[in-house]
Every structure is written in C-alpha cells, then in structure tokens.
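Given chain A, put chain B in place with the hints provided.
One letter stands for each residue in the lines below.
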Amino acid sequence: MKPAIEIRNLGKEYKLAEQQPYVALRDVISNGVKNIFTTKLKSAEKFWALKDINLDIMPGERVGIIGRNGAGKSTLLKIISRITPPTTGHATIRGRVGSLLEVGTGFHPELTGRENIYLNGSILGLKKAEINKQLEAIIDFSGVEKFIDVPLKHYSSGMQLRLAFSVAAHLEPEILLIDEVLAVGDIEFQKKCIGKMGELSKEKGRTILFVSHDLGAVLRFTTYCLLLEKGKIIFQGNTEDTINAYHKKKEEVSLEYVNIKLSSKPQINGIRIITSEPYNIHIHGKPLKIEIEINVPENKEKLALSCQLMNTKMQSTLHFWIVDGNSTQFNKKGKYLVECLIPKLRLYKGTYSLNVYLGEDRGKEVFDYIENATPFEISMSGIDPGHSFGWQDDSCLYREEHAWHIQKK
Amino acid sequence: MEKFITNISPPSGFSLGLKELWQYRELFYFFTWRDIKVKYKQTYLGILWALLQPLGMMIIFTFLFSKTWKIDTGVISYPIFVLAGLICWNLFNASVSHAAESMIQNANIIKKIYFPRLIIPGSSILVALFDFIMGFIIFIAFCIFYKQSIHWTAIFYFPAGIFIILVAAFGAGTFLAALNVKFRDFRYTISFVMQVLFFSSQVIYPLQSIQQSWLKYILAMNPMNTALELFRKPLSDNQSDLNALLIGLTITIFILIVGILYFRKTEAYFADLA
Numbered sequence: 001m002k003p004a005i006e007i008r009n010l011g012k013e014y015k016l017a018e019q020q021p022y023v024a025l026r027d028v029i030s031n032g033v034k035n036i037f038t039t040k041l042k043s044a045e046k047f048w049a050l051k052d053i054n055l056d057i058m059p060g061e062r063v064g065i066i067g068r069n070g071a072g073k074s075t076l077l078k079i080i081s082r083i084t085p086p087t088t089g090h091a092t093i094r095g096r097v098g099s100l101l102e103v104g105t106g107f108h109p110e111l112t113g114r115e116n117i118y119l120n121g122s123i124l125g126l127k128k129a130e131i132n133k134q135l136e137a138i139i140d141f142s143g144v145e146k147f148i149d150v151p152l153k154h155y156s157s158g159m160q161l162r163l164a165f166s167v168a169a170h171l172e173p174e175i176l177l178i179d180e181v182l183a184v185g186d187i188e189f190q191k192k193c194i195g196k197m198g199e200l201s202k203e204k205g206r207t208i209l210f211v212s213h214d215l216g217a218v219l220r221f222t223t224y225c226l227l228l229e230k231g232k233i234i235f236q237g238n239t240e241d242t243i244n245a246y247h248k249k250k251e252e253v254s255l256e257y258v259n260i261k262l263s264s265k266p267q268i269n270g271i272r273i274i275t276s277e278p279y280n281i282h283i284h285g286k287p288l289k290i291e292i293e294i295n296v297p298e299n300k301e302k303l304a305l306s307c308q309l310m311n312t313k314m315q316s317t318l319h320f321w322i323v324d325g326n327s328t329q330f331n332k333k334g335k336y337l338v339e340c341l342i343p344k345l346r347l348y349k350g351t352y353s354l355n356v357y358l359g360e361d362r363g364k365e366v367f368d369y370i371e372n373a374t375p376f377e378i379s380m381s382g383i384d385p386g387h388s389f390g391w392q393d394d395s396c397l398y399r400e401e402h403a404w405h406i407q408k409k
Numbered sequence: 001m002e003k004f005i006t007n008i009s010p011p012s013g014f015s016l017g018l019k020e021l022w023q024y025r026e027l028f029y030f031f032t033w034r035d036i037k038v039k040y041k042q043t044y045l046g047i048l049w050a051l052l053q054p055l056g057m058m059i060i061f062t063f064l065f066s067k068t069w070k071i072d073t074g075v076i077s078y079p080i081f082v083l084a085g086l087i088c089w090n091l092f093n094a095s096v097s098h099a100a101e102s103m104i105q106n107a108n109i110i111k112k113i114y115f116p117r118l119i120i121p122g123s124s125i126l127v128a129l130f131d132f133i134m135g136f137i138i139f140i141a142f143c144i145f146y147k148q149s150i151h152w153t154a155i156f157y158f159p160a161g162i163f164i165i166l167v168a169a170f171g172a173g174t175f176l177a178a179l180n181v182k183f184r185d186f187r188y189t190i191s192f193v194m195q196v197l198f199f200s201s202q203v204i205y206p207l208q209s210i211q212q213s214w215l216k217y218i219l220a221m222n223p224m225n226t227a228l229e230l231f232r233k234p235l236s237d238n239q240s241d242l243n244a245l246l247i248g249l250t251i252t253i254f255i256l257i258v259g260i261l262y263f264r265k266t267e268a269y270f271a272d273l274a
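Chain order of the listed sequences is A and B. Quick note: the first sequence, position 273, residue 273 per the working numbering, numbers continuous. Quick note: the second sequence, position 150, residue 150 per the working numbering, numbers continuous.
Looking at chain A on its own, in the form it has when it is part of the complex (with noise of 0.2 Å):
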C-alpha cells in the first residue's frame, strides 16, 4: 500500500516584510529611485518556516502534531492543503483532501443557516448533488432547526459554530486536516464533533493529521505524533512519547513575554505578569496583576482582549475578558498598556500560565494569541493549613472563602 501523504525534504521560506506582508506602491517606487543612485539590491531578510521534512502518513493512521507556536505546525498543513506553495522539495497526497483549517470559513451573515451550509459546504469541496443528500444530517447535528431558515447574523456565536462544525463534519474526504479547531466552542459539542470524526476515521480508514495546542485532545486522538520545532520534525513516535518529549523541551521558558516582530494586525506586544514575590512566584490568596501591551496600527471597531489561566494539565482555570465599549477604549490606533487586576488570586498551588487572545468581537477574528506565557507558581507558603497533613499535590484546584456552623441537635 502506498502513504496516503508522502513528503519529500519538503521546505518553505518566508521572506521577513519589515513591516507589512503586503507593500505600498510609493515604497517601491521611492525605493526604485534610491536604487537607480545607489545600485544596491535590499535583500530582504528570510527564515525558513519548514525544512527538510520528510514524511510518509499511511491510509487510516491518525496523526498528530504538536510544538510551540511558529514551529511550522500550520505552515506544514497549509501545504499539505495547498494553500501555499513548498519553496523546496515535493508532496504526493493521495486521496481527497478535507481541510479543517478553520471551521466556517465563507459563512456569510446576511444568509440564512442553511444558505450558508450550501456556500460552506462548496468552499470546503462538497458537490452540490452531496450537500443535498447530507443536509438533513447537517441540520439535525448541528441543532439549530428551528433557526435554519434565519439570517446567520442573528446566530449567536455558539450556534454559528455548531453549525460550522456540523458541516465539517459531513465533509467526507480520505484524509483530513484539522488545525486547532477544537480549542473553540463548548465542551460538549467539542466531544460530539471528536466522536464523530473519530469514529468515521476509524470507520472508513480515513487519514487524519491533528494540529492543536489541546494535548489532551491529541492524545484521545491520535496514535503517532511529531514534534515540530523551528520548522523541523525533532522527535516523531507514539503519542505519549511524543508529548512527554514535548514537556521536556518547554521549560526552557522565558518569565515575560516580549514580542519584537512587527505585524499590519493588532498584535501584543508583551506579557508580565506581577506576582507578589519576585522570579514570577506568587502567593495563594494575595493580588494578582497581569499587563498586556498591545499595539494597533489601525483604528478597529470592537477589539477584544482575553486571557486565559492554563494549569500544567493544559486545562484553563480561569478566564477573563474585556471587550472595547463605551467606557474603554482601546480600538483606537495607538499602543496600549491593559491590566488585569485579581484582587484575591485564590486557585490553588501549582505552576499556571497564560493563554491571551487579541481579536475582533464582531468579525471572530483572532489577530494574535500567544500560548503558555509567563509561567508562574502559586505557593501555599506561610498559609496555615490548618491541619497536621499539609498543603497537599492535587487537592484542589482552587479554594473559595466558606465558614462552618456547627450546631448540636
């Protein structure tokens, strides 16, 4: 049998824009200028984003891949997906590929629910004659029946995606692609959506290649992973051997986050976190600020910033947001210092870190995200327990004010 994915020292290179992706006709023309005096030749500055990635992916092997952000991880499905081309070597897929870049992807919100599961549906590959047969399946999945007929802009963000996902779901290539989709939506849904695919996968040999920061959902998932780093596959092998590699390699973890790369999108621009004692250890019970800096080149309408508390189990604890309205304003251009302030940091002791997501309340768009930030520790330290055990490992995730009353009867 031959691999469902064959890559062959499979490279791509980006060429570093200094500032936008995209170029200013002026620059090109000024810059021509200053060339015909100068006669020197800017070369852009580049980096390989893959290279030399030698793959083979059997028909029916479910595969994931794991690493930090930039590691290539969706540069190599982008490939694979042909949405951009390799710089160097070549790729034999065989079979029909299903790309889960994202969920939704074409959904327009002045159609209804189930115009929009006809445009999706084409977008992702589907023949009509296809969507007509599954579409009683994609509506009853996706339990949004009685609103099917209805401009999706009245949708509210979970029944989009319930919708999303329900026509991804029904996509029935041979090999299938998803990055980070999982990470959104409700949980329930989520584990109906993994079900689903899993069990077509297994049912119908279907290839999978699983892209996602979600460890555990890799694990449930696949049976093979590789570990991406700086564009290179550095440990390839079965799922929990691959994910423990993985854990070893990320404590070489900086205590701040500092972004230098410049970006045409709102992005952000550092993290710290200010715990109360130095070197990002904080104790339980005490205030708790996180700063964000963000920069926005241009004027947006309703920017939103969260973050995300996430515990070692790659669980969040916490999650707090702020979406630009009246009273705040960050959606001017302009560069921003946004703190998070916790009066009473009560979760309990452990290493933590955070996830902060900078997108656009109105389109969905997610501009940046940086995961796994500024990891801290909450200690117990100098917090009576109270009794002769101790501050034990795993007792709680968190403790919240209480009182006993104790009454005899």
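Since the hints were derived computationally from the structure, they do not count as laboratory data. Hints are supplied without guarantee of correctness; some may be wrong.
Unchecked claim - List time: in silico EDC-like cross-link candidates among lysine to aspartate or glutamate, alpha-carbon distance up to 20 Å:
#1 B:Lys39 <-> A:Asp149
#2 A:Lys46 <-> B:Asp272
#3 B:Lys182 <-> A:Glu13
#4 B:Lys37 <-> A:Asp149
#5 B:Lys39 <-> A:Glu115
#6 A:Lys15 <-> B:Asp272
#7 B:Lys37 <-> A:Glu110
#8 B:Lys39 <-> A:Glu110
#9 B:Lys111 <-> A:Glu360
#10 B:Lys265 <-> A:Glu13
#11 B:Lys41 <-> A:Asp149
#12 A:Lys127 <-> B:Glu20
#13 A:Lys128 <-> B:Glu20
#14 A:Lys133 <-> B:Glu26
#15 A:Lys128 <-> A:Glu172
#16 B:Lys111 <-> A:Glu365
#17 B:Lys182 <-> A:Glu298
#18 A:Lys230 <-> B:Asp272
#19 A:Lys261 <-> B:Asp272
#20 B:Lys37 <-> A:Glu115
#21 A:Lys265 <-> B:Asp272
#22 B:Lys41 <-> A:Glu110
#23 A:Lys127 <-> B:Glu26
#24 A:Lys333 <-> A:Glu365
#25 B:Lys111 <-> A:Glu13
#26 A:Lys333 <-> B:Asp185
#27 A:Lys51 <-> B:Asp272
#28 A:Lys128 <-> B:Glu26
#29 A:Lys302 <-> A:Glu360
#30 A:Lys2 <-> A:Asp56
#31 A:Lys335 <-> A:Glu298
#32 A:Lys335 <-> A:Glu301
#33 A:Lys265 <-> B:Asp185
#34 B:Lys41 <-> A:Glu115
#35 B:Lys111 <-> A:Asp368
These numbers come from a predicted model, not from an experiment.
Chain B only, in chain A's frame:
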C-alpha cells in the same frame, strides 16, 4: 473509488488550469449566487438599484446633450444612444472594480482553503453581468417605446459587444486583483483610471463626432470603443472603421493575456501576502 492524486511542488511553468476550473464549476456558481443574493438582500429597493442608476444617468445626459449642447447621433435618438452606452459602461466598470477588489474581500477564504483563484474575479464579473441583464431588459423596453428599429444582425452584434466587454474586463480585473493584493495603495488609482476611460469611451458621445483622425486611432485602443461600436451597430446606419475595430480587438486580447498571466504567476503567493 475514484482516486485523487495531488502533487505539490514549488510553482513552475504556466498553465491556465482550465481542467481544474471545470472541476470547481459549482464553486463558481456559489460565489456568484452569494454575491448577488447578499447585494440585493442588504438594500431596500433591491434589484431596482441596478435599473435606477443607468436610468438616472440617461435622463441627466439626455438633458445636457440633446437639449442643451446638441450632439449628433444620427438616426439613433440620443436617449437610446446614451442608455446603450451606459449599461455597457456599467458592465465594464462594475466588472473591473469588483474583480479588482475581490481578492482582498475574500482574503479570509483564500488564506484557509485551496481552490482555483481565478474563480473569485471571475464570479465578480458574473455578478456584474447579472445587473447588466436587468439593464438590458429596460434598454429593449426603451427601444420599443422610442420606436427604435433594431436590425436583425443584433443577434450577432449585441453578444459580440458584450463579449468584448467581458473579455477586457476579465483581463483588466484579474491584473488589478493581483496587483491589489501585492500593492495595497494601488486601489486608489483605479477609480481615477476608470474615469479617464469613461470619457475616452464613446458612452455619451459618438466617436464620429471627433474630427482628428490620429485621436480616433488612439481612442480605438480603448476596448470599450470597440465594444460600443459593435453594440450600437444594429441601431444605426453608420459605417464602422474596420482598422479601428481591429486595433481594439488586438488590445482586448492583449489585456486578457497579460491579466491572466500575471494573475496565475502571483496567485500561488496570495495566501502569504493577503
């Protein structure tokens, strides 16, 4: 089971990708359907807008050029002359400007899904054609109202004129769409260029009214003049200048080739740029 084999390698060579376009013909239909539907869902008067705009312009130009400053349009009455010009111009203008913007407007789809990119500017031209058909029906109604005689050769000349507009618009539209992705400040020049083209096309005046022959040949390079010459031929008894028509036709084909070549050459990198 049908087996799809895809080979992915760095871009090289040139092909039109017609086979692939044919495979994706349904997506063509859905993009066009979406744009038409959304366009008319968002407006209160809906499809009437496609008719009101050329009619309004027709009234203004008729008032100016057949009452105030007389323009001689021969056997064809001025309102019919200018309405024919305006619906054709609108087809060209809407096709080119929508196609030029189309890649940026659909950037979020381009960045996530693969399909032949030519579908996007192509479908914006089909949307403009839909508006044109509405205007064309009104145009025929006006011809009947003004008792304008239409020669039977219209069966050939009308489609020929429209075809030249579509070909030129597709060439120019794909070229500008690709330029727009790469150079974001390019879009600001488009409306200006369109205005220049409007006044160099025989939309509101006939080319015959120009005296200098050198100027006539320069204006013949504008594909819209060729298209309008053909479109209006069954309405009048004018003798067309065959050389001028050939110049226009050559330029039209040239624009098409340059547009598609440039688009196909840059399309692989749209997802990286957009």
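Checked hints:
1. B:Lys39 <-> A:Asp149: This hinted pair holds, its Cα atoms lying about 18 Å apart.
2. A:Lys46 <-> B:Asp272: Holds, at roughly 14 Å.
3. B:Lys182 <-> A:Glu13: 18 Å, holds
4. B:Lys37 <-> A:Asp149: 14 Å, holds
5. B:Lys39 <-> A:Glu115: 15 Å, holds
6. A:Lys15 <-> B:Asp272: 10 Å, holds
7. B:Lys37 <-> A:Glu110: The given pair, whose Cα atoms are some 9 Å apart, holds under the 20 Å limit.
8. B:Lys39 <-> A:Glu110: 9 Å, holds
9. B:Lys111 <-> A:Glu360: The given pair, whose Cα atoms are some 18 Å apart, holds under the 20 Å limit.
10. B:Lys265 <-> A:Glu13: Holds, at roughly 18 Å.
11. B:Lys41 <-> A:Asp149: 14 Å, holds
12. A:Lys127 <-> B:Glu20: Distance of about 14 Å is within 20 Å: holds.
13. A:Lys128 <-> B:Glu20: 17 Å, holds
14. A:Lys133 <-> B:Glu26: 16 Å, holds
15. A:Lys128 <-> A:Glu172: Holds, because 13 Å separates the two Cα atoms, which is no more than 20 Å.
16. B:Lys111 <-> A:Glu365: The hint holds at about 13 Å.
17. B:Lys182 <-> A:Glu298: 19 Å, holds
18. A:Lys230 <-> B:Asp272: 18 Å, holds
19. A:Lys261 <-> B:Asp272: Holds. Lysine 261 of chain A to aspartate 272 of chain B sits at ~16 Å (cutoff 20 Å).
20. B:Lys37 <-> A:Glu115: Holds. Lysine 37 of chain B to glutamate 115 of chain A sits at ~10 Å (cutoff 20 Å).
21. A:Lys265 <-> B:Asp272: Satisfied, since the Cα-Cα distance of roughly 14 Å is no more than 20 Å.
22. B:Lys41 <-> A:Glu110: With Cα atoms ~7 Å apart, lysine 41 of chain B and glutamate 110 of chain A stay inside 20 Å; holds.
23. A:Lys127 <-> B:Glu26: OK: lysine 127 of chain A and glutamate 26 of chain B at ~7 Å, within 20 Å.
24. A:Lys333 <-> A:Glu365: OK: lysine 333 of chain A and glutamate 365 of chain A at ~18 Å, within 20 Å.
25. B:Lys111 <-> A:Glu13: 17 Å, holds
26. A:Lys333 <-> B:Asp185: This hinted pair holds, its Cα atoms lying about 19 Å apart.
27. A:Lys51 <-> B:Asp272: Holds, at about 17 Å.
28. A:Lys128 <-> B:Glu26: Distance of about 7 Å is within 20 Å: holds.
29. A:Lys302 <-> A:Glu360: Distance ~6 Å between lysine 302 of chain A and glutamate 360 of chain A Cα, so the pair holds.
30. A:Lys2 <-> A:Asp56: 9 Å, holds
31. A:Lys335 <-> A:Glu298: Holds, at about 10 Å.
32. A:Lys335 <-> A:Glu301: 16 Å, holds
33. A:Lys265 <-> B:Asp185: 17 Å, holds
34. B:Lys41 <-> A:Glu115: 13 Å, holds
35. B:Lys111 <-> A:Asp368: Answer holds: lysine 111 of chain B to aspartate 368 of chain A is near 16 Å, not above 20 Å.
Comparing the model with each numbered hint stated earlier shows that all of them hold.
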